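Asker: Now for the letters of each chain:
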Amino acid sequence: MSHAVRFTGANFAEEVLRSDLPVLVDFWASWCLPSQETKPIMEELAVEYEGRVKVGMLQIDQNPRTRDSYQIEGCPTFILFVKGVEVQRRKGAQSKQALREMLDAICSDGHEKRRVQNNS
Amino acid sequence: MSQKDAPKLHNADLTCWNCPAIDLAGKVDFRACGQSTEAFRKELSDDSDIQIMAECKRRPELGLFDPTGITYEQCPEWVSTPYGYMLKDMRVMILGIDGYLGWTLALWLGSLGCKVSGIDNYNRRDQVMERGAHTIVPIAKMTERLHAAKELLGIDINFRRIDIADRARLREFIEEAKPEAIVHYAEIPSAPYSMIDAEHAIEVQRNNTLGTLGLLFMMRDTVPETSLLKLGTMGEYGAPLTGRPLFEGMFPADAVLHWDNREWSMGGELTPRNPVSFYHVSKVQDTYNVYEACKYWWLRSFDVMQGVIYGVHTPQVADDPRLRTRLDIDEWFGTVVNRFVAQAVVGIPLTIYGAGEQKRGFIALEDAMECITRLICSPPEPGQYAVVNQMSGYYSVRKLAEIVAKVGREHFGLPVKIQRLENPRVEAEKHPFEPIYKKLPDEFGFEPKVPPEEEIYRMFELLMRPEISERIEQKKHLILPKTWWSGEKRRVETIEALTEETLKERLRSDEYQFAEHPEREKILKSH
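Read top to bottom, the protein sequences are chains A and B.
All the letters of the first sequence, read from the start, carry residue numbers 181 to 300 under this note's numbering.
All the letters of the second sequence, read from the start, carry residue numbers 207 to 733 under this note's numbering.
Just so you know, these hints were derived from the structure itself, not from any lab.
Zero decoy hints are in this set.
Below 20 Å or equal to it, Euclidean Cα-Cα: the simulated EDC-like pairs (lysine to aspartate or glutamate) are:
| # | chain 1 | residue 1 | chain 2 | residue 2 |
| --- | --- | --- | --- | --- |
| 1 | B | K645 | B | D219 |
| 2 | B | K645 | A | E224 |
| 3 | B | K644 | A | E224 |
| 4 | B | K688 | B | E633 |
| 5 | A | K271 | B | E475 |
| 6 | A | K219 | B | D219 |
| 7 | B | K644 | A | E223 |
| 8 | A | K219 | B | D648 |
| 9 | A | K276 | A | E224 |
| 10 | A | K276 | B | E475 |
| 11 | B | K347 | B | D526 |
| 12 | B | K644 | B | E475 |
| 13 | A | K263 | A | E194 |
| 14 | B | K645 | A | E223 |
| 15 | A | K271 | B | E469 |
| 16 | A | K271 | B | D460 |
| 17 | B | K688 | B | E628 |
| 18 | A | K219 | B | E649 |
| 19 | A | K276 | B | E469 |
| 20 | B | K501 | A | E253 |
Note that the coordinates shown come from a computational prediction; the quantities given were computed from them, not determined experimentally.
Here chain A stands alone, though its shape is the one from the complex (with noise of 0.2 Å):
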């Protein structure tokens, strides 16, 4: 069972910026091969941030209005909403530990509850 988000455009503004939680969206391409290895990653930071931030993907080569609005000008390209706000964006393979940071960043108990995770 996939725990990241499947983003597409027809539920983008519903599940992205409407919003109440802090999201990630991975936009990637299947010839991308960086975002083939990237897919994994997401969905263990889905189940690791679940109910604090939203983490998904996009498929940009499915969704073009989508991509181009983004000016998504390569991929994988990680951008973090906050209240439908671009707050933050990366391009390239990210690290699991990257992609953390990004999220900590903005999850104030992060740090707190991975310790408490791997203490358990």
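Take the given structure of chain A and dock chain B to it, following the hints.
Answerer: Here is chain B on its own, set in the frame of chain A:
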């Protein structure tokens, strides 16, 4: 079991986006192709939820529709099989259909209801003959094979004698047969053959690399939505002495490069290749050519890094002597387990090179057929170059020799000996080995079903038949290697003979175990 109660098949949720019957060309805005989509964009209002549309070649009555909306589970063209949903009467073309794997796969897919087409130029038959060897399992001529497939199994195979380098004729055949998957086995598969001399090295690289390159252009122009299943080899990776795992083609995103107090994710970068012969180099070159073609033209491909394959059995090839697939045991085309069993049958010691501690991934013939079928059922996305490591377990060469010896002695009463020879190859003889081979089980539902002992048993049964052991006798002088990577021309010398006593000693010791096979206990129980 009704469809409803059956567990969900692993490819149930794939959509037309992945399906080879979709017609995307000129309709979807492929970044790298620069194809015009203006005409189709007009069909979509700016506020429509749907952002792309395509047509179905199998169901033209659907007109233009959103290709991400219909799943395999919902589409009537995809039917349930033991290997996942598969297109009804799926058209599959096998390049190199006369070979060890090609012929076996043709019958395997034919019995699943696929419409099989294929080409071969009989290169393998010619090259084995050129070395003075022969297949020890006698095989029929292609005309007779085709006849037997039809008569005994009801399988119609559309065959043409075509060289992969003959691009005009192959293109014509592809346009006629319209394959929905192409399995590319039309490569010369031998490391020692490529190391004989300059002529052989050049022939291997020409056939393999240029043949594949030409095919990619042909697919771009004729069947861009068709998936290409290209046979690579685990040998592309080599065996790094650092013990770095052998990932499936690419580094995972969590692999990080640290340098100069900075770090980068290596995710999606091709891992280093370290080929171990000019044949392996040809496979590495293919890897880059296929990857680039996917990137430039939105082709889709599985690059299948196959472990060392062995065995003689599938239900179809075992059905009748006329349906058998070839089995080579000579130093050039005989893979290691096949060679060992033949040696055991005619009473010559099994020969391991050097220390014999070289570790390799292995897979039985029948398991390999299942893997390929599962990949055919789950095509990659447009533009996706995917790599799978196809193996069911890994062993040292010495341990495999010991398994063969054990089966031969215990079940067939053969006094099997093992000897160590000088190693004619340039390779590490003792090395760490950590292959990653999770994709086929995790994403495609593959579980190895044939433990080595079982396939080796079947091989003994077949090879001990008098008409076959006679053929081994005739060519046994071609088993010991004389092709040196250094270019020397001489027979290898024996380093150490392992007697039955030594062997018994070793079999009793803790060293003798097959623990590397992840599913070993489960498999043994199920048999």
